[in-house]
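Novice: First to last, the protein sequences are chains A and B. Once you know that position 100 of the first sequence is 100 in my numbering, the rest is easy, because the numbers rise by one and skip nothing. Once you know that position 229 of the second sequence is 229 in my numbering, the rest is easy, because the numbers rise by one and skip nothing.
Everything labelled a hint here was simulated from the structure, so no lab data went into it. In this text, a Cβ means the ideal position worked out from N, Cα and C, and glycines have one as well. Treat the hints with caution; some may be incorrect.
For each label pair, taking beta carbons as the anchor points, the in silico distance ranges come out as [unchecked claim]: (1) Arg83/A x Lys188/B: 36 to 42 Å; (2) Lys127/A x Gly209/B: 53 to 59 Å; (3) Asp97/A x Gln72/B: 27 to 33 Å; (4) Pro55/B x Gln141/A: 53 to 59 Å; (5) Asp86/A x Ile63/B: 33 to 39 Å; (6) Lys124/B x Asp86/A: 53 to 59 Å; (7) Pro146/B x Ser120/A: 52 to 58 Å.
Straight line, CA to CA, 30 Å or less: simulated DSS-like cross-link-like pairs of lysine-lysine [said to hold, decoys possible]: (8) Lys124/B x Lys123/A; (9) Lys101/B x Lys123/A; (10) Lys127/A x Lys104/A; (11) Lys145/B x Lys188/B; (12) Lys281/B x Lys90/A; (13) Lys90/A x Lys130/A; (14) Lys60/B x Lys90/A; (15) Lys124/B x Lys188/B; (16) Lys130/A x Lys124/B; (17) Lys101/B x Lys68/B; (18) Lys124/B x Lys127/A; (19) Lys95/A x Lys127/A; (20) Lys127/A x Lys90/A; (21) Lys101/B x Lys90/A.
Which chain A residues stay away from chain B? Per the calculated CB distances, all over 12 Å, these [claimed, not checked]: (22) Gly5; (23) Leu9; (24) Val54; (25) Ala68; (26) Phe93; (27) Val167; (28) Leu168.
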Amino acid sequence: MKLFGSICLFLACTGYGLIRARYYRERPRQLQQLRLALQGLETEIEYAQTPLPVAFVRIASRINGPVAGLCAFVGSELAESSRAVDEIFKTAFTKFDQQLYLTKEDREVICLLAATLGISDRKDQLKHLKLASSNLHQLEQRAAEDRTRLEKMWNYLGPLLGALIVVLLY
Amino acid sequence: MSDAHYSYDYLLPPAWKQAIQTLPLAFCLELEEFRVRVDLPLQIVARGISLYLHPSGQFKSEIPVSYKVSEQDIRYVLQIATQSSLYAVEEELRRGFLTVKGGHRIGVAGRVVLDQRGAVENMKDIRFLNIRIARSVPNVALSIKPFLFDPVRLRPLSTLIISPPGCGKTTMLRDLARQWSNGTMHPKIKHLNVSLVDERSELAGSYLGVPQLDVGTHTDVLDGCPKAEGLMMMIRSMAPDVIVTDEIGRAQDRDALLEAVHSGVTVLATVHGSGMSDLAKRPVMQDLMQQRVFQRYLLLSRRRGPCTLEGIWDEHGRNLRKVSEEIPC
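For reference, chain B alone in the conformation it holds in the complex:
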């Protein structure tokens, strides 16, 4: 089980670890999440298929009646994930998730404690976990490379990746950041300094500040910082060529992105959405589109697995490649 594909197995109680070993390797390679709910069966998800742990120690598609996740199981996972130090992750618990070694993320839910102002102070009695397996997929952005730089000035183009949740936006963004950073995007463009503002520790999967996923050799990561503030900090302090951030959408993000573009920095970002028309309805995104902040828009879906490319548009709204194509993922 030392294989990198099982880099999450240290989080699991021994019984689950054994059960995972009985699964076919191909399934394990595409494992997306473990859904852990106290007094309910353990559910694992891969390729959109859910399997449940049975008392026999095997995963099956039927929901079992007898095998249930116990409080001890949850305590075990949390103990390992927090190194027996729940107090050290208070800030993360307030945000609802922990990032652990290997870059995996554990979403948590339980009883929330509010402070006097009504803001979330802490989370107690954690009863629900969603262990999301992080995996960088190198070269997922291979076939779209030619669209993402200016062939005359040999500069990267600001790109916005649009997709509904779970379609591989972050995976695609991470690969783009890695390729620009390593200088593998185009033979004539050498490596660029990439600054990554990772508010939710999802892009680089940082653990104690160290990126656990490959984000490139010339990448600086600002972990856990609010996007708008982080973008300004990185532009001022790290002099990036490319600045990367995830899930934009608030007015502050727009202002920071405009600032970045006006300072001559290329921006790579993602946003939740199901298409260009959907995007144009949102005031913040409308502003960004009108100001031509992004020169390329990529739309992803899950139609043929995660990272299915549905189209690429330029800043004038012209579709550069209508035919959808599955990118090896």
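Chain A extracted, bound-state conformation:
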């Protein structure tokens, strides 16, 4: 019984460590995908003047992962509902919460941008998109630094922590 408990404890700690490590690994990737999506949106607005619903669906087909799902959802909601863009983004973040490894700060950048999307002329839209892109770039750099520091640490820390508790219990 004691052995079984110890194994469970060890596995739980290892699992927790892996989840934390995954967060540090996925966040920079998703931030990069978001930045790519914004670049795509910039092109759609600047050269093709594509309306937002179509632009988001097109962008979704060009990128991968949960960010693509987020874009596809925003695109279809924009086409079907009469809600404002920032409201749709908030709903999308709640819907994809489990799959997104983004911090509150990351989401804030996108929500701030969403509040300005589609309500002004092209020049203005591009300025907002560039600003959000550079903000995301900074966050992405910081996330990459975090990854090099913390991903490996959590990979080892989980099992080590589990082993330590088991040893202490014995």
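Fit chain B to the given chain A structure using the hints.
Specialist: For chain B alone, coordinates are given in the frame of chain A:
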């Protein structure tokens, strides 16, 4: 509200949508425009009658003191009309109107931004909208059919429709285009290839290039193109039998129309005016009349509702049908 008569209702904020449903159907069928002005009551117009939205959610003829259109209402309409993409309609805003799904047109007014040369660059702070409901009225041209073709050569005759604004010129022109295109004008004249140059997206009500109103099965539409240039483009590229355009009046239009007629194409067009004598005073129109570009002139008025026919003249100025008659519209 899925009925085609309410094809504009997706543009309206929910409160207005509900209010429209309380109106009698006959009135809704003839609804012409919604006049939306920020901080002023919402006005709707049909059959020349204006009604205003009251706080009770009903339309009445008295102007209300308390119910006013808010900035949010205008933002809502614009958001729906532009699919949350104001940047995508910059070109249209520069011209002062948007054409939306269903072929309806929204006239916009607000603060204009000029570029360095003093030309209109953009429009910001949109505060006034005029939602004009587009409706094709099939067979409005029914009773004038016999006058509009050459009975010997069985060819359509070039026709100019004259009327003051809001008398159904465009509706009549659209129906003529549709009938020639579908081959329903005369049993012996089969369908003709019609080219439609729609500078203001009013004739075909195109949305993303697709005509939203019925302009016939053999009709090609050049949307948003300046008339003179568009007429030449269509003659060269689409080999039309009939070419249709709206609101002519500039010297370039005259030159393009002359070119069209000399290439053997029948021209259908409209012009603002209140009568033949009025028309003869304008140099451009005078030239067209002297060169016998048009073989038929139709004068419309609103005397007994839109599309009231006031007379038909031939190229020599002879009145073919003096008695005015209301055409079912």
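Novice: Could you tell me which of the numbered hints above are not met by this structure, giving the numbers in increasing order?
Specialist: Hint check: 1, 2, 6, 12, 14, 15 and 24 fail, others pass.
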